[in-house]
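Same order as they appear, the protein sequences are chains H and Y. So the first sequence is numbered by numbering that gives the first Met the number 0: it starts at 0 and just counts up by one. So the second sequence is numbered by numbering that gives the first Met the number 0: it starts at 0 and just counts up by one.
These are calculated hints, taken from the structure and not from any lab test. Each hint should be verified, as a subset may be incorrect.
Stretch-level coverage of chain H by chain Y, calculated; a stretch enters the list once three of its residues show a Cβ under 8 Å from a Cβ in chain Y [as the list claims (entries may be wrong)]: (1) 20-34; (2) 43-54.
Just the calculated beta-carbon pair ranges, DEER-fashion [claimed, not checked]: (3) 25/H with 42/Y: 56 to 66 Å; (4) 301/Y with 3/H: 46 to 56 Å; (5) 206/Y with 25/H: 36 to 46 Å; (6) 43/H with 212/Y: 40 to 50 Å; (7) 48/H with 116/Y: 32 to 42 Å; (8) 14/H with 170/Y: 50 to 60 Å; (9) 183/Y with 3/H: 29 to 39 Å; (10) 25/H with 275/Y: 35 to 45 Å; (11) 43/H with 308/Y: 47 to 57 Å.
Every residue gets a Cβ at the ideal spot worked out from N, C-alpha and C, and that includes glycine.
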Amino acid sequence: MNIESAKYNVDLEGNNSEIKATIDGTEMYVPIDPDNRHYQAILEWVAEGNTIAEAD
Amino acid sequence: MTTKLRAASFQDGAVTTTKIAADAITNAKIADDAITNAKIADDAVQTENVASTVNLGRRNIIINGAMQVDQRNSGSSYAQINSAYSLDRFRGNSYDGGAATGKFTVIQSSTAPDDFSHSLLVTSSAATSDAANNIFNIEQLIEGFNTAHLNYGSSSAQTITLSFYVRSSLTGTFGGALKNSARDRNYPFTYTINSANTFERKTITISGDTTGTWIGSTNGIGLWVSFGLGVGSNYVGSAGAWAAGDKFSASGATSVVGTSGATWYITGVQLEVGEQATPFEHRSFGEELQLCKRYCNALLGGTNANRLYTYNYNPSYKAYLFYFPVKMRAAPSVTLSTSGGAGTAAIVTKDSMFRYIAAGVTATTAYYLYDFTFDAEL
């Protein structure tokens with residue numbers, strides 16, 4: 000997967016609930032779930048030295 | 000002097016079951032065609048007499064093996080990118096050391112063998128040269144909950160049989176491989192396409208892997224089934240035996256992507272316990288769709304097809320709730336479109352539901368969501 004961007008998204012309480020990411024040219028909301036394949040790919044992307052941007 | 004007993008010598012009912020020694024009547028003593036249907040009493044054959052030797056229903060471990068379900072593309076052509084899904088439950092790799100694009104397309108085809116309505120068609124977009132790191136394939140990753148009964152990684156690992164209908168513009172030896180989630184145990188296989196542009200059914204019987212680490216009954220990858228379309232030397236192995244390593248196909252297999260315009264069709268993919276390939280198990284379309292929705296639920300078609308309206312959660316927010324028709328394998332990733340303003344979304348997805356709360360949208364704004372894809376694929 001080609002991860003172009005990743006940024007945390009918060010719930011109403013202000014907690015990081017999802018990651019808004021652009022993967023293979025598609026914008027999507029990725030849950031913070033270790034069983035989710037996109038989240039697994041984002042973790043690999045982070046391990047390569049990339050950073051998930053904080054929410055606004 | 001020997002006296003022969005004739006059938007007429009026996010009174011009716013004289014030869015009872017208890018007078019026939021165990022194993023006295025062997026197959027060799029029964030003439031061909033001697034036992035006709037008329038001689039088998041009603042209800043003589045009970046389920047317990049056949050269950051251990053005949054595969055009954057619900058035997059196909061593969062989902063969407065008849066290629067009927069195509070939620071994402073609805074029959075449109077898809078340019079394969081690496082590790083991405085086309086027809087439901089089938090994904091492809093397009094990798095040459097990095098993500099490769101423009102190598103082949105995938106489409107749900109109505110060209111199919113007798114008894115089938117669809118196939119998955121791969122068309123090579125260019126003549127891609129062989130390279131050691133190439134991985135071009137179509138594969139299905141089967142969830143552990145659906146493969147735990149194979150007992151892989153133990154002495155009771157079950158023999159399984161893979162069968163499928165395949166057709167290609169090319170002939171020769173083709174390959175694929177099975178492997179585990181850790182990608183350190185693999186079983187490459189080969190099959191031969193004898194006639195160009197003709198569907199042929201292939202069967203491959205695979206002894207169970209008694210070693211290695213297999214995940215068992217979980218929602219992870221239980222078994223990986225790959226059909227090679229052009230796999231480099233780093234990812235192929237010798238066919239016909241389990242071995243260590245990460246392989247996607249067998250040595251010496253024909254490369255489909257090596258020939259521009261080459262075609263490769265597949266359908267009727269079945270993986271079942273046992274040494275025999277039984278006829279393909281046709282499940283109803285509704286059943287197959289429901290099975291697919293555990294991994295992908297796509298509600299597409301534009302603004303009017305699957306529009307989700309809302310209620311005002313409070314004066315500042317609009318809330319949208321959607322419960323999935325089947326519990327998904329994991330919390331899904333979500334793609335969607337919105338109409339009626341930008342808003343700011345606070346989204347929560349679980350394996351059973353999706354909640355979207357939009358802020359910054361006025362109460363009177365007709366803000367709605369549409370074109371959803373919920374993805375919990377492996």
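Quick rundown of the hints versus the structure:
Counting residues of the stretch 20-34 of chain H whose CB lies closer than 8 Å to any CB of chain Y gives 9, so the stated coverage by that chain holds, three being the minimum. Look at the stretch 43-54 of chain H against chain Y: 0 of its residues bring a Cβ nearer than 8 Å to a Cβ of that chain, fewer than three, so the hint is violated. The given range of 56 to 66 Å is respected by residue 25/H and residue 42/Y, whose C-beta atoms sit roughly 58 Å from each other. Taken as a hint, the range 46 to 56 Å is violated for the pair residue 301/Y and residue 3/H, whose Cβ atoms sit roughly 25 Å apart.
At about 41 Å, the beta-carbon gap between residue 206/Y and residue 25/H stays in the expected band of 36 to 46 Å. One distance hint, 40 to 50 Å for the beta-carbon pair residue 43/H and residue 212/Y, is violated here, with the actual separation near 20 Å. The hinted window of 32 to 42 Å between residue 48/H and residue 116/Y is violated, with their beta carbons roughly 48 Å apart. Residue 14/H and residue 170/Y have their C-beta atoms about 59 Å apart, which keeps the hinted 50 to 60 Å range intact.
Our hint of 29 to 39 Å for residue 183/Y and residue 3/H holds, since their Cβ atoms are close to 31 Å apart. Here the CB-CB span from residue 25/H to residue 275/Y is close to 43 Å, well matched to the stated 35 to 45 Å. Our hint of 47 to 57 Å for residue 43/H and residue 308/Y is violated, since their Cβ atoms are close to 38 Å apart.
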